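Participant: Sequence:
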Amino acid sequence: MTNHHTNSPVPEPLRKAVFAAANGQCEIRIRNVCSRKATQVDHIKPRSKGGSTRRSNLQAACAPCNRAKGDT
Numbered sequence: 003m004t005n006h007h008t009n010s011p012v013p014e015p016l017r018k019a020v021f022a023a024a025n026g027q028c029e030i031r032i033r034n035v036c037s038r039k040a041t042q043v044d045h046i047k048p049r050s051k052g053g054s055t056r057r058s059n060l061q062a063a064c065a066p067c068n069r070a071k072g073d074t
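Using the numbering used here, the final residue of the sequence shown is 74, and nothing's skipped along the way.
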């Protein structure tokens, strides 16, 4: 899995674990209809709002769902 965000704060082994746990699929699933491949790791609670980079706060995401989710 390539790192699409070169300034990503998520270490590569943790990124790989997130993608593996999601079977490579988007976990955000905007409106429960997304079935795209995950290409990004998203902070469930954004870092800007105090979220951590622990595995429990990370999910696999496709770019469109991650953009739609924004910083919420």
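Calculated from the structure, these hints are not laboratory results. Heads up, a few of these hints could be off.
Label pairs and their computed distance ranges (CB to CB) [claimed, not checked]:
1. Gly26 x Ile46: 24 to 34 Å
2. Pro15 x Val35: 23 to 33 Å
3. Pro13 x Arg33: 17 to 27 Å
4. Gly72 x Val35: 28 to 38 Å
5. Val35 x Pro13: 24 to 34 Å
6. Lys39 x Glu14: 15 to 25 Å
7. Ser58 x Asn25: 17 to 27 Å
Derived pair list, reagent style EDC-like, types lysine to aspartate or glutamate, alpha-carbon separation capped at 20 Å [said to hold, decoys possible]:
8. Lys51 x Asp73
9. Lys47 x Asp73
10. Lys39 x Glu14
11. Lys71 x Glu29
12. Lys39 x Glu29
13. Lys18 x Glu29
14. Lys47 x Glu29
Since the model is a prediction, treat every value here as computed from it, not as a measurement. Where a beta carbon is used, it is the ideal one built from N, C-alpha and C, also for glycine.
Participant: A separate judgement is required for each hint: does it hold in the structure or not?
Facilitator: Right, here's what the structure says about each hint:
1. Remark: the range hint 24 to 34 Å for Gly26 to Ile46 is contradicted by a beta-carbon distance near 18 Å.
2. Between Pro15 and Val35 the beta carbon distance is about 31 Å. The supplied range of 23 to 33 Å therefore holds.
3. Remark: the range hint 17 to 27 Å for Pro13 to Arg33 is contradicted by a beta-carbon distance near 31 Å.
4. Gly72 and Val35 have their C-beta atoms about 18 Å apart, which leaves the hinted 28 to 38 Å range violated.
5. Checked against the hint of 24 to 34 Å, the pair Val35 and Pro13 passes, with Cβ atoms roughly 31 Å apart.
6. For Lys39 and Glu14, the Cβ-Cβ distance of about 18 Å falls inside the hinted range of 15 to 25 Å, so the restraint holds.
7. Checking the proposed 17 to 27 Å range against Ser58 and Asn25 shows it holds: the Cβ atoms sit about 18 Å from each other.
8. Distance restraint check for Lys51 and Asp73: the Cα-Cα separation of roughly 8 Å lies within the 20 Å cut-off, and the hinted pair is therefore satisfied.
9. Distance restraint check for Lys47 and Asp73: the Cα-Cα separation of roughly 8 Å lies within the 20 Å cut-off, and the hinted pair is therefore satisfied.
10. A threshold of 20 Å between alpha carbons decides the hint, and for Lys39 with Glu14 the separation of about 18 Å falls inside it, so the pair holds.
11. For a cut-off of 20 Å, the pair hint linking Lys71 to Glu29 stands: about 12 Å separates their Cα positions.
12. Annotation: proposed proximity of Lys39 to Glu29 holds, straight-line Cα distance about 9 Å (limit 20 Å).
13. Only pairs whose Cα atoms come within 20 Å are accepted, and Lys18 paired with Glu29 is accepted, the gap being roughly 14 Å.
14. Distance hint between Lys47 and Glu29 is fulfilled; the C-alpha atoms sit about 14 Å from each other, no more than 20 Å.
Hint check: violations occur at hints 1, 3, 4; the rest are consistent with the structure.
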